[in-house]
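Protein chains in written order, with my numbering: chain F, 16 to 350; chain G, 16 to 350; chain V, 16 to 350; chain Z, 16 to 350.
No wet-lab data here; the hints were simulated from the structure. For clarity, every value in this text was computed on a predicted model and none was experimentally measured. No residue lacks a Cβ here, since even glycine has one placed at the ideal position from N, Cα and C. Wrong hints could be hidden among the right ones.
[Claimed, not checked] Pulled from the structure, derived: some chain Z residues nowhere near chain F, Cβ distances all over 10 Å:
| # | residue |
| --- | --- |
| 1 | 67 |
| 2 | 82 |
| 3 | 105 |
| 4 | 122 |
| 5 | 152 |
| 6 | 188 |
| 7 | 200 |
| 8 | 239 |
| 9 | 250 |
| 10 | 265 |
| 11 | 284 |
| 12 | 294 |
[Stated by the list, open to error] Within a straight-line C-alpha distance of at most 30 Å, the following computed DSSO-like cross-link-like pairs (lysine-lysine) qualify:
| # | chain 1 | residue 1 | chain 2 | residue 2 |
| --- | --- | --- | --- | --- |
| 13 | Z | 120 | V | 203 |
| 14 | Z | 120 | Z | 132 |
| 15 | Z | 78 | Z | 203 |
| 16 | Z | 78 | Z | 59 |
| 17 | Z | 59 | G | 279 |
| 18 | V | 53 | Z | 78 |
| 19 | F | 279 | F | 120 |
| 20 | F | 279 | V | 109 |
| 21 | F | 59 | G | 120 |
| 22 | V | 279 | V | 155 |
| 23 | Z | 203 | V | 203 |
| 24 | F | 132 | F | 120 |
| 25 | Z | 132 | Z | 78 |
| 26 | V | 59 | Z | 203 |
| 27 | Z | 154 | Z | 59 |
| 28 | V | 59 | V | 120 |
| 29 | Z | 132 | Z | 154 |
| 30 | V | 279 | F | 59 |
| 31 | Z | 78 | Z | 154 |
| 32 | F | 53 | F | 78 |
| 33 | Z | 154 | Z | 203 |
| 34 | G | 132 | G | 109 |
| 35 | G | 203 | F | 53 |
| 36 | G | 78 | G | 132 |
| 37 | F | 109 | F | 154 |
| 38 | G | 78 | G | 154 |
| 39 | V | 155 | V | 120 |
| 40 | G | 203 | F | 203 |
Protein chains: 4
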Amino acid sequence: MTRVGIIGASGYAAADLMRLLLAHPAARITALADLPEKCGALAKLFPQFAGRIDLAVVPADAKAMAAACDVVFLALPHTASMTYAGPLLDAGLKVIDFSADYRLKTPGLYEKAYGHKPDEANLANAVYGLPELYRDAIKKARLIANPGCYPTAAILALAPLVREGLAAPSDIIVDSKSGVSGAGRTPKLLTHFPECNESMQAYAIGSHRHQPEIVEQLGLVARVSVDVLFVPHLAPMDRGIESTCYARLLQGISAADIAELYRKAYYGEPFVVVRDEPPATKHVVGTNYVHLCPTVVGGRAVVSSVIDNLTKGAAGQALQNMNLLFGHDETAGLE
Amino acid sequence: MTRVGIIGASGYAAADLMRLLLAHPAARITALADLPEKCGALAKLFPQFAGRIDLAVVPADAKAMAAACDVVFLALPHTASMTYAGPLLDAGLKVIDFSADYRLKTPGLYEKAYGHKPDEANLANAVYGLPELYRDAIKKARLIANPGCYPTAAILALAPLVREGLAAPSDIIVDSKSGVSGAGRTPKLLTHFPECNESMQAYAIGSHRHQPEIVEQLGLVARVSVDVLFVPHLAPMDRGIESTCYARLLQGISAADIAELYRKAYYGEPFVVVRDEPPATKHVVGTNYVHLCPTVVGGRAVVSSVIDNLTKGAAGQALQNMNLLFGHDETAGLE
Amino acid sequence: MTRVGIIGASGYAAADLMRLLLAHPAARITALADLPEKCGALAKLFPQFAGRIDLAVVPADAKAMAAACDVVFLALPHTASMTYAGPLLDAGLKVIDFSADYRLKTPGLYEKAYGHKPDEANLANAVYGLPELYRDAIKKARLIANPGCYPTAAILALAPLVREGLAAPSDIIVDSKSGVSGAGRTPKLLTHFPECNESMQAYAIGSHRHQPEIVEQLGLVARVSVDVLFVPHLAPMDRGIESTCYARLLQGISAADIAELYRKAYYGEPFVVVRDEPPATKHVVGTNYVHLCPTVVGGRAVVSSVIDNLTKGAAGQALQNMNLLFGHDETAGLE
Amino acid sequence: MTRVGIIGASGYAAADLMRLLLAHPAARITALADLPEKCGALAKLFPQFAGRIDLAVVPADAKAMAAACDVVFLALPHTASMTYAGPLLDAGLKVIDFSADYRLKTPGLYEKAYGHKPDEANLANAVYGLPELYRDAIKKARLIANPGCYPTAAILALAPLVREGLAAPSDIIVDSKSGVSGAGRTPKLLTHFPECNESMQAYAIGSHRHQPEIVEQLGLVARVSVDVLFVPHLAPMDRGIESTCYARLLQGISAADIAELYRKAYYGEPFVVVRDEPPATKHVVGTNYVHLCPTVVGGRAVVSSVIDNLTKGAAGQALQNMNLLFGHDETAGLE
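Next up, chain F with everything else stripped away, as it sits in the complex (with noise of 0.2 Å):
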């Protein structure tokens, strides 16, 4: 039984996370902390557990954390996992982290995205928590970084095409839409029910954090450098994103050879589905799924993908990580 700790205990990827632990068949939760402002019974913090999860949420202490657990999930903002990170991995747990802490490689990256230098020390240890991609390496670390959202849907709905280079690797373009739980659960005017309710609006256009991300993720794949396009939308919507990727061919192919090509690409995979219709981000919701649908018009290559963000984005991509770490079944909790 792998016992599993979380610090962020408080926020939306930790709720799923503990949502899908509930059933997870070789887990169980034994610690839950945060910072001490955000502490309290976790039934008051999240209603929904009440009579579920009988636990408390108090203040992150790598110490006692490294005692009743062996493995924890940092459900941190930036530059809050990497206090956390050092002390749990030195104390032989795994870690688990949700930020972007671990996930820029490219030497600078980090510090320019994020205003802040990277742990350089376990950054160089830290794997990119994207099986589709990784998974044998995710088996051998200590420390995940859990890929971003918008990454997970953009990065699986790309890669098979630039990984055969079918893509001008500079004419990329990322057309996201996000449900409001990506935002985090701090009230703040945006996502106030009033203002962003029946309504779509594009944010942080070209400016994104998860830009270099997807970049740095898709020129890996490519083996060149890439260069991607990346809008966000907020829309109306708990959860999900469905993310319309745009793609410039630098050779003709066919709509039904390059759904043939996805297929192969993700044959065996236990949660990508490609589908030969647009899919709807309702279809995936609550579930570790991910489904593309890649066609083409014209010149272009367009991927429609679509995952929960908090799940696929964020906790149930974590459990699957989490389940290839410890030897479990890799769909174990996410059926």
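Please arrange chains G, V and Z on chain F, whose structure you already have, making use of the hints.
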């Protein structure tokens, strides 16, 4: 041309008032004010007015308002309104107050509900601004206590019944469902989109401050004291209130007769529609209308009442009152 | 491994059942059927099951079902269920029916509400599948009448009160708000998105078919006949029911005592949580839980009750019943 | 007083037109018609007009319309409009058509997209009703082809850029998100509330019928042929379109210069607002405004454009055209 000022211009009720005033043939906005920290260009506070209203919201100052306006709407929280009403009235203006400060006439009731002494001097002259009950008094008033949103829906739903003595005065239940804009524009966890979206929740069961307002007004209509059990609910929509009102009948009456009673009671009213089918809030959103569907089940009358909480429940009714105060067509700016 | 069949596999309750069965440790879906015009690959009917359930929905045939299954869930409209229940029972299977066909025991009541003669023979042996009331009988049953969604929320909210004789039996009001999935999957104007989105509306005031079911069951609990005024409302959300229940108290009782009464009444129940604050439907969506908040206002008890209409209100409760029927852990597949 | 008739009065665009006409100072509705099966009292078809418009929708008859009206709006699907336009024009009326029947001038394009021969005779005299491009021609026209909703948002977003020759004509992508009212009022599974609520989905990727309309109009503005990749998405909201438009730039231009270009291009336009921040659809819902935010990322212009699909995307623009046709103030009834 009636010159209009608004204090509290950064809130939703004020925004709805501005929306309506843009189409008013005989009034124009001449001054917008609010607390200092809520000031700035209107188009920054409410981008929907970009290119339409080129005014700044400035720190509230009664003297400046008095010089620029014929009437001032106070779109402020309770106790804030009473600091402005007096000076504006003294300067000869007419005042329409959206808060509860001048609604409760029964001695002690305001202080009990709101924890603050009322402004006795002006309270004595205030008229409760429900035109369907007090049209003549409104025309002659200088200070209007604009009704609360829940009371508007509930009082109009029950007035014909209690006026005729048909309802047992101590056996009235009002079960109301309100859109989230009713909770105001200040972000908080309860109204954070991922918390209240896709959810229904009762709140303030039997303890909401609109209950004494409903009780006082229905008592005046009934000419005996009444008791009301009021339970509001938060509904996942921007605007609209549906109130299902239950009243035990003191004598047998058919559904047809009760419908006839309501049609007679509201004959000629420009904004009240009596219908045979339960109305949807969507039928009145954006308008100053109330739709009522009275019926009888067993020994009880059941009346479903819908309004837009920001329009008939606040800004639209306020404008209706302004029209009465200044001799405009009562429906001006409201079609 | 319990082999499960579903007739009526193209509807929402069936889909929720499949979602739950995917995580059940001791049951698997072996047959899916529906009316001929509703058949096809499951992944076409419900894309959320693409890659997860590789079955076709075939025309319903009792004999084929009997050969492949140990239990059949009838996710069918009333009168359709009774054509399948008999043959399946005769073939030795257990049957859990989602329709109203086996819920009403009072002679004449079914025919009055549904305009059709009941299946008297099997009705006599059917057990009303509310485990909190009839757990022991359910364990021994072969035919379960799975409760309606509104009745589940209302009966659990009121049972402790009427069992103790605290509520005046003829002075009970249930005001319910349901998500749109409760209206089924057949498109119609009322549930067309731009009609019901952002809107609240009462319907079937005093005439909904779930009223006799609530009345009959509460009467059995109370051991006297009761009367209930039931008013359902359509709320703009996918799932969830909130029922605010009003009952006149026959004797004084404090809010604290009523809470204590409810905690005792549901002590040990795996899916009932008694809370001090009014619950939100969001706290239970996707789960088999009911959250109850009982309180007292004036001379009335007010109980707010929330469930997921598709889970505790249909598929989850059905699975709880299946677990009882087959000796599985009652919560299997429900965490 | 302009006498207005509407054929196709049972649909959403017609309802929005009626909403606007109620506040128009110089026009009134004199006749409402539709297909025989869609007729009846307007207040039954659209309860929001109960007590406000006391007219019946009657079976469409060109002769009767001609006698009662000065202008007729055809709120009909394509191919239906062309059966009414000719007779109404012959009778001396002016006609504003919401369908695609008179929008496409390029020979063969209408037939290719809509599978039906166009009405060549009247097509020759029709004017594309986008006032920002064709104001003078509209004033003199008798038959207006009111633009599609997606084309309105896309053309206004891209016209300044292609007019100046700044955009590579074959490298334009329009990624649009529309509220569900854009799909019409006929219930179907895709727009059944529990299917499309809380969900985002691409559809008709590269094959939507509005694509040739965008291409033709942008080509006219550019004076060279252009190519556009258009991908619409269904968003879970009633109204509003957000289009994010991507165009590769043929020469370097700063974000400030592109904003200046747009401000000059739309100087004096009553309904176009150029903004520095990405607009939300909520900022324009219910109004005839388009908000545009142009910027530059890498070598591409990115323009976010929002409209209300039923107002500027249909009924509001049609009313703006009517005002131009009849010499009313262009903004009459639109504030």
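Hints and how they fare:
With 10 Å as the threshold on Cβ separation, the claim that residue 67 (chain Z) sits away from chain F holds: the shortest Cβ distance comes to roughly 24 Å. The non-interface label for residue 82 (chain Z) is consistent with chain F: the shortest C-beta to C-beta separation is roughly 41 Å, beyond 10 Å. The non-interface label for residue 105 (chain Z) is consistent with chain F: the shortest C-beta to C-beta separation is roughly 42 Å, beyond 10 Å. Taking the minimum C-beta to C-beta distance to chain F, about 22 Å, the non-interface status of residue 122 (chain Z) holds against the 10 Å cut.
Consistency note on residue 152 (chain Z): stated as away from chain F, and its beta-carbon is indeed over 10 Å from all of that chain's, at 32 Å minimum. Some Cβ of chain F comes within 10 Å of the Cβ of residue 188 (chain Z); the nearest lies about 6 Å off, and the non-interface call is violated. For residue 200 (chain Z), the requirement that its beta carbon stay farther than 10 Å from each beta carbon of chain F is met, with the minimum near 18 Å. The Cβ of residue 239 (chain Z) lies farther than 10 Å from every Cβ of chain F, with a closest approach of about 17 Å, so its non-interface assignment holds.
Annotated as non-interface, residue 250 (chain Z) brings its C-beta within 10 Å of a C-beta of chain F; the closest such distance is 5 Å. No beta-carbon of chain F is positioned within 10 Å of the beta-carbon of residue 265 (chain Z); the least distance is around 15 Å. For residue 284 (chain Z), the requirement that its beta carbon stay farther than 10 Å from each beta carbon of chain F is met, with the minimum near 22 Å. For residue 294 (chain Z), the condition that its CB be more than 10 Å from all CB atoms of chain F is violated, with the nearest at approximately 7 Å.
For the hint pairing residue 120 (chain Z) with residue 203 (chain V), the CA-to-CA distance comes to about 37 Å; that exceeds 30 Å, so the pair is violated. Proximity of residue 120 (chain Z) to residue 132 (chain Z) is assessed by CA-CA distance (about 12 Å); at most 30 Å being required, the pair is judged to hold. Pair hint residue 78 (chain Z) plus residue 203 (chain Z) does not hold up; C-alpha atoms about 34 Å apart against a cutoff of 30 Å. With a CA separation close to 25 Å, the supplied pair residue 78 (chain Z) and residue 59 (chain Z) stays within the 30 Å bound.
Under the criterion of a C-alpha separation no larger than 30 Å, the hint pairing residue 59 (chain Z) with residue 279 (chain G) is consistent with the structure, at around 21 Å. Among the hinted pairs, residue 53 (chain V) with residue 78 (chain Z) is inconsistent with the structure: their alpha-carbon atoms are about 46 Å apart, more than 30 Å. Distance hint between residue 279 (chain F) and residue 120 (chain F) is fulfilled; the C-alpha atoms sit about 29 Å from each other, no more than 30 Å. Of the supplied pair hints, the one linking residue 279 (chain F) and residue 109 (chain V) is violated, its CA atoms being roughly 43 Å apart against a limit of 30 Å.
A C-alpha spacing of about 39 Å is found between residue 59 (chain F) and residue 120 (chain G), which places the hinted pair above 30 Å, so the restraint is violated. Proximity of residue 279 (chain V) to residue 155 (chain V) is assessed by CA-CA distance (about 26 Å); at most 30 Å being required, the pair is judged to hold. Our distance criterion of 30 Å between C-alpha atoms is met by residue 203 (chain Z) and residue 203 (chain V), whose separation comes to about 7 Å. Taken as a hint, the residue 132 (chain F) and residue 120 (chain F) pair is honoured in the structure, with Cα atoms around 12 Å apart against an allowance of 30 Å.
Annotation: proposed proximity of residue 132 (chain Z) to residue 78 (chain Z) holds, straight-line Cα distance about 25 Å (limit 30 Å). Annotation: proposed proximity of residue 59 (chain V) to residue 203 (chain Z) holds, straight-line Cα distance about 16 Å (limit 30 Å). For the hint linking residue 154 (chain Z) to residue 59 (chain Z), the alpha-carbon distance of about 36 Å lies beyond 30 Å, and the restraint is violated. Between residue 59 (chain V) and residue 120 (chain V) the CA atoms are separated by roughly 39 Å; this puts the pair beyond 30 Å, and the hint is violated.
Distance hint between residue 132 (chain Z) and residue 154 (chain Z) is fulfilled; the C-alpha atoms sit about 28 Å from each other, no more than 30 Å. This hinted pair checks out: residue 279 (chain V) and residue 59 (chain F) have alpha carbons roughly 21 Å apart, not beyond 30 Å. For a cut-off of 30 Å, the pair hint linking residue 78 (chain Z) to residue 154 (chain Z) stands: about 25 Å separates their Cα positions. Our distance criterion of 30 Å between C-alpha atoms is met by residue 53 (chain F) and residue 78 (chain F), whose separation comes to about 19 Å.
Among the hinted pairs, residue 154 (chain Z) with residue 203 (chain Z) is inconsistent with the structure: their alpha-carbon atoms are about 39 Å apart, more than 30 Å. The straight-line distance between the Cα atoms of residue 132 (chain G) and residue 109 (chain G) is roughly 23 Å, inside the 30 Å bound, and the hint therefore holds. Between residue 203 (chain G) and residue 53 (chain F), the direct Cα distance comes to roughly 15 Å. Compliance with the 30 Å bound is thereby established for this hinted pair. For the hint linking residue 78 (chain G) to residue 132 (chain G), the alpha-carbon distance of about 25 Å falls within 30 Å, and the restraint holds.
Between residue 109 (chain F) and residue 154 (chain F), the direct Cα distance comes to roughly 11 Å. Compliance with the 30 Å bound is thereby established for this hinted pair. Restraint check: the Cα-Cα separation between residue 78 (chain G) and residue 154 (chain G) comes to about 25 Å, which is no more than 30 Å; the hinted pair holds. Of the pairs offered as hints, the one joining residue 155 (chain V) and residue 120 (chain V) holds, with about 18 Å between alpha carbons and a cut-off of 30 Å not exceeded. Annotation: proposed proximity of residue 203 (chain G) to residue 203 (chain F) holds, straight-line Cα distance about 7 Å (limit 30 Å).
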